[in-house]
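*Asks:* Read in order, the letters of the sequence shown correspond to residues -15 to 69 in this note's numbering.
The following label-pair restraints were derived from C-beta to C-beta distances:
| id | residue 1 | residue 2 | range |
| --- | --- | --- | --- |
| 1 | T(-12) | E49 | 46 to 56 Å |
| 2 | R61 | N24 | 23 to 33 Å |
| 3 | R61 | F9 | 12 to 22 Å |
| 4 | V60 | E8 | 17 to 27 Å |
| 5 | K52 | D31 | 48 to 58 Å |
| 6 | R61 | A(-4) | 16 to 26 Å |
| 7 | L15 | K52 | 13 to 23 Å |
| 8 | T(-12) | D31 | 15 to 25 Å |
| 9 | K(-15) | G30 | 11 to 21 Å |
Straight-line C-alpha distance at most 20 Å; calculated EDC-like pairs for lysine to aspartate or glutamate:
| id | residue 1 | residue 2 |
| --- | --- | --- |
| 10 | K66 | E18 |
| 11 | K(-15) | D38 |
| 12 | K(-9) | E29 |
| 13 | K37 | E67 |
| 14 | K35 | E67 |
| 15 | K(-9) | D31 |
| 16 | K52 | E8 |
| 17 | K(-15) | E29 |
| 18 | K57 | D6 |
| 19 | K57 | E18 |
| 20 | K(-15) | D31 |
| 21 | K66 | D38 |
| 22 | K57 | E8 |
Since the hints were derived computationally from the structure, they do not count as laboratory data.
C-beta: ideal position from N, C-alpha, C; glycine also.
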Amino acid sequence: KNSTTGKSVANAPMHIGHLRADIEFYTNAILSWETQFAANTPRAEGDTRAKIKDYAISHLSITHEPIKNTRVKVSVRNIFNKEYY
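Make the full structure from the sequences, and use the hints.
*Replies:* Spelled out as structure tokens, the structure:
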């Protein structure tokens, strides 16, 4: 909220989150799943456009350490090809 007016800040989500799970599925190999979400994003006062949609986007990564102190990471970002703003 705006500390001066006490109103919600326009275009800033009121609720945001980030979930992540890492699983070591093979020696020195980790599968990671991440989901980021945002909800209840108010428009500016007087803005008549449609409500900003809530969203959740997910990412998948595999990290491997073939030799000590050397990591290789492959990621697919926004795996469900969701539109978000």
